[in-house]
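A.B. asks: Sequence:
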Amino acid sequence: MKHTLLLLLWLSILSPVASAADWLAWRKVGDATLTWGPFTVYTSQLRTPDGRYAGPLQDQVLIITYKRQIERQDLVDATRDQWQALGIMTQEARSQAWLRMLKDLWPDVVPGTQLAFVFRENQGQFWYRASAMQKTFTPLGPRQSADFSKNFLAIWLDPRTQYPALRQQLTGGEK
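In the working numbering, each number is its position in the sequence shown, counted from 1, plus 491.
Some hints here could point you the wrong way.
List of simulated lysine-lysine pairs, DSBU-like, C-alpha gap at most 30 Å [said to hold, decoys possible]:
| id | residue 1 | residue 2 |
| --- | --- | --- |
| 1 | LYS594 | LYS626 |
| 2 | LYS594 | LYS519 |
| 3 | LYS519 | LYS626 |
| 4 | LYS519 | LYS558 |
| 5 | LYS641 | LYS519 |
| 6 | LYS558 | LYS626 |
| 7 | LYS641 | LYS558 |
| 8 | LYS641 | LYS626 |
| 9 | LYS641 | LYS594 |
| 10 | LYS558 | LYS594 |
For the record, the hints were derived by calculation from the structure and aren't laboratory data.
Please build the complete structure, drawing on both the sequences and the hints.
C.D. replies: Here it is, written out as structure tokens:
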């Protein structure tokens, strides 16, 4: 009995790492770089199990590697701005709750920090890696609803995105 409990404890600790290893092996669809004037803000990469983008409902992961120091509030504000541009902020109470959740969940980022959003089985989850030198990602918070997940990924993948060239590159189009 004691050995069984130890094994279950060990497996529960390793479970998030095993899940991360799974999506890290997915194939790259595309990648893109966001610049602001002369500054590179981040690089991004979209992966799917088969390396093809088939739309917002498929399993996918968006990995962002930051190239600049950005405070969490600035990340939340940028998310709010993108959602407003996409018309996602129309349900104010829901949108404000999502933004509060992001402020509590996200860390400040520095060059090399990676945030990933994994959408699988109609739910999404944030993952964090302090730098590419770290071997594993750590989950951030609980899994998110399909509605939140679709709206979060819309910032990069919706045809109405404010960054159509990035969308084209992420979804496997020409650079």
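A.B. asks: Do the alpha carbons of LYS641 and LYS519 lie within 30 Å of each other, as the hint requires?
C.D. replies: holds (20 Å)
A.B. asks: For LYS558 and LYS594, compute the direct alpha-carbon distance and say whether it is at most 30 Å.
C.D. replies: holds (20 Å)
A.B. asks: Taken at face value, is the distance from the CA of LYS558 to the CA of LYS641 at most 30 Å?
C.D. replies: OK: LYS641 and LYS558 at ~25 Å, within 30 Å.
A.B. asks: Check the hint pairing LYS641 with LYS594 against an upper bound of 30 Å on the C-alpha distance.
C.D. replies: Measuring from Cα to Cα gives roughly 19 Å; hence the hint holds.
A.B. asks: Does LYS519 sit within 30 Å of LYS594, going by the straight-line distance between their CA atoms?
C.D. replies: holds (29 Å)
A.B. asks: Are the Cα atoms of LYS558 and LYS626 separated by 30 Å or less?
C.D. replies: holds (19 Å)
A.B. asks: Against the 30 Å threshold, does the CA-CA distance of LYS519 and LYS626 hold or violate the hint?
C.D. replies: holds (19 Å)
A.B. asks: What's the verdict on LYS641 and LYS626, does the C-alpha distance respect the 30 Å limit or exceed it?
C.D. replies: Roughly 28 Å between the alpha carbons, so the hint for LYS641 and LYS626 holds.
A.B. asks: LYS594 and LYS626 were given as a pair; does the straight-line alpha-carbon distance stay at or below 30 Å?
C.D. replies: Within the cut-off at roughly 25 Å; holds.
A.B. asks: For LYS519 and LYS558, compute the direct alpha-carbon distance and say whether it is at most 30 Å.
C.D. replies: holds (20 Å)
Going through the hint list in order, the structure satisfies each hint without exception.
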